[in-house]
Amino acid sequence: MAEITAGMVKELRELTGLGMMECKKALEEAGGDIKKAEELLRIKSGAKASKAAGRVAADGAIATFLSGDAKLGALVEVNAETDFVAKNPDFQAFANAVAERVAKDNPADVAALSNLSIGGETVEAARQKLVQKIGENIAVRRFERVQSSGKIVSYVHPGAKVAVLVDLEGDEALAKDIAMHIAFAKPEFMSKDQVAPDRIAAERKVIEGRAAESGKPPEIVAKMVEGGLNKFLGEITLLGQPFVKDDKLSIQKLLDSKKAKLTGYRYLVVGQGIEKKQSDFAAEVAAMTKTAA
438 MAEITAGMVK ELRELTGLGM MECKKALEEA GGDIKKAEEL LRIKSGAKAS KAAGRVAADG
498 AIATFLSGDA KLGALVEVNA ETDFVAKNPD FQAFANAVAE RVAKDNPADV AALSNLSIGG
558 ETVEAARQKL VQKIGENIAV RRFERVQSSG KIVSYVHPGA KVAVLVDLEG DEALAKDIAM
618 HIAFAKPEFM SKDQVAPDRI AAERKVIEGR AAESGKPPEI VAKMVEGGLN KFLGEITLLG
678 QPFVKDDKLS IQKLLDSKKA KLTGYRYLVV GQGIEKKQSD FAAEVAAMTK TAA
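So for the sequence shown, our numbering puts the first residue at 438; every next one is plus one.
Don't read these hints as lab results, they were simulated from the structure.
Treat the hints with care, as some may be off.
Simulated pairs of lysine to aspartate or glutamate, DMTMM-like, Cα-Cα distance not exceeding 25 angstroms [stated by the list, open to error]:
{"#": "1", "residue 1": "LYS623", "residue 2": "GLU558"}
{"#": "2", "residue 1": "LYS524", "residue 2": "GLU459"}
{"#": "3", "residue 1": "LYS629", "residue 2": "GLU640"}
{"#": "4", "residue 1": "LYS623", "residue 2": "ASP635"}
{"#": "5", "residue 1": "LYS541", "residue 2": "GLU561"}
{"#": "6", "residue 1": "LYS472", "residue 2": "GLU606"}
{"#": "7", "residue 1": "LYS642", "residue 2": "GLU656"}
{"#": "8", "residue 1": "LYS660", "residue 2": "ASP684"}
{"#": "9", "residue 1": "LYS447", "residue 2": "GLU459"}
{"#": "10", "residue 1": "LYS695", "residue 2": "ASP630"}
{"#": "11", "residue 1": "LYS588", "residue 2": "GLU558"}
{"#": "12", "residue 1": "LYS472", "residue 2": "GLU561"}
{"#": "13", "residue 1": "LYS685", "residue 2": "GLU609"}
{"#": "14", "residue 1": "LYS524", "residue 2": "GLU581"}
{"#": "15", "residue 1": "LYS698", "residue 2": "GLU561"}
{"#": "16", "residue 1": "LYS623", "residue 2": "GLU459"}
{"#": "17", "residue 1": "LYS524", "residue 2": "ASP506"}
{"#": "18", "residue 1": "LYS570", "residue 2": "GLU518"}
{"#": "19", "residue 1": "LYS462", "residue 2": "GLU558"}
{"#": "20", "residue 1": "LYS690", "residue 2": "GLU656"}
{"#": "21", "residue 1": "LYS541", "residue 2": "GLU609"}
{"#": "22", "residue 1": "LYS629", "residue 2": "GLU645"}
Just the calculated beta-carbon pair ranges, DEER-fashion [stated by the list, open to error]:
{"#": "23", "residue 1": "LYS695", "residue 2": "ALA639", "range": "26 to 36 angstroms"}
{"#": "24", "residue 1": "GLY607", "residue 2": "GLY444", "range": "50 to 60 angstroms"}
{"#": "25", "residue 1": "ALA659", "residue 2": "PRO634", "range": "17 to 27 angstroms"}
{"#": "26", "residue 1": "GLY556", "residue 2": "GLY587", "range": "25 to 35 angstroms"}
{"#": "27", "residue 1": "LEU686", "residue 2": "PRO634", "range": "51 to 61 angstroms"}
Small disclaimer: the values here were computed from a predicted structure and weren't measured.
Just so you know, even glycine gets a beta-carbon here, dropped at the ideal spot from N, CA and C.
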């Protein structure tokens with residue numbers, strides 16, 4: 438059997454990013470052939486990634502990228518199973534590299550992003566290697582990209598669970614305030630004209646039903662319906678929301694007072710829309726006890 442030296446193990450670790458014992462075993466299996474050992478680890482890494490893929494990854498972080506001239510920005514949601522892994526330096530380096538690729542290469546979707554290159558390998562290969570190294574399911578879920586002729590401002594809420602990009606013509610401090618507001622209020626739309634007519638019609642029907650039960654005269658009921666609908670639209674649209682720092686001002690009025698124009702924004706929230714598995718610890722213990730008996 439070929440002698441496996443510490444230098445060989447070190448070289449393989451640098452190539453794969455995997456643990457010392459895994460590298461040593463692969464080298465022994467490959468008879469000291471580093472290239473063959475690397476191939477074996479890549480295969481095993483893919484197998485481990487496939488097994489982990491069945492586990493729900495609803496935690497993670499939002500990685501951001503902003504170009505030096507602040508005209509190009511990207512957000513990427515990279516999921517993991519636990520918050521602990523989301524704080525891992527290797528996880529964060531991977532997520533940041535993926536965000537840069539999104540900004541610079543403008544992929545059509547996550548599948549196209551998976552085939553782009555980071556660090557001399559595809560995003561998917563790097564993801565599988567990270568799964569092998571960390572031992573948790575890791576998934577690149579979605580991304581947003583903003584390109585501006587002006588200047589983009591980014592805001593990442595502490596913990597990197599929410600991140601925002603704002604494209605605004607005007608004061609940079611104002612853009613930062615609006616980004617922080619978006620992170621807090623999470624508006625579904627920027628303005629009323631972006632809300633689908635059927636969504637408005639459905640809400641109107643609900644409000645009309647409530648107003649009709651009030652027993653008030655028809656003209657009062659009509660005003661109640663319009664007031665309720667305006668309140669609803671104000672809650673779900675950014676421009677209609679009261680500014681988080683001064684609730685006497687809507688975001689639209691705030692922009693007008695500063696003579697600023699909001700061109701667009703994007704934000705991502707970790708795990709939004711992912712159904713997390715709820716575990717019943719007592720039931721699990723009871724089941725285990727029953728099985729043991």
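- For the pair supplied as a hint, LYS685 and GLU609, is the alpha-carbon distance within the 25 angstroms limit? holds, 22 angstroms
- Proposed proximity, GLU459 with LYS623 (alpha carbon, max 25 angstroms): This hinted pair is violated, its Cα atoms lying about 44 angstroms apart.
- Query: Regarding the pair LYS695 and ASP630, is the alpha-carbon distance no greater than 25 angstroms?
  - Reply: At roughly 23 angstroms apart (the allowed maximum being 25 angstroms), ASP630 and LYS695 satisfy the hint.
- Message: Please check whether GLY556 and GLY587 have a Cβ separation lying inside 25 to 35 angstroms.
- Response: holds, 32 angstroms
- Message: So if I understand the rule, the pair passes when the alpha-carbon distance is 25 angstroms or less; does LYS524 with GLU581 pass?
- Response: holds, 22 angstroms
- Hey, LYS541 versus GLU609, does the alpha-carbon distance stay inside 25 angstroms? Holds. LYS541 to GLU609 sits at ~23 angstroms (cutoff 25 angstroms).
- Task: Assess, step by step, whether the Cα of LYS462 is no farther than 25 angstroms from the Cα of GLU558, and give holds or violated.
- Result: holds, 23 angstroms
- Given the proposed pairing of LYS629 with GLU640, does the C-alpha separation stay at or below 25 angstroms? This hinted pair holds, its Cα atoms lying about 13 angstroms apart.
- Query: Is 50 to 60 angstroms a correct range for the gap between the Cβ atoms of GLY607 and GLY444?
  - Reply: Holds: the Cβ-Cβ distance is about 58 angstroms, inside 50 to 60 angstroms.
- Is 51 to 61 angstroms right for how far apart the beta carbons of LEU686 and PRO634 are? violated, 28 angstroms
- Message: For a C-alpha distance cap of 25 angstroms, please report whether LYS623 and ASP635 respect it.
- Response: Roughly 21 angstroms between the alpha carbons, so the hint for LYS623 and ASP635 holds.
- CA of LYS642 to CA of GLU656, is that 25 angstroms or under? holds, 17 angstroms
Figure legend: structure checked against the earlier numbered hints; hints not met, in rising order: 1, 6, 11, 15, 16, 17, 20 and 27.
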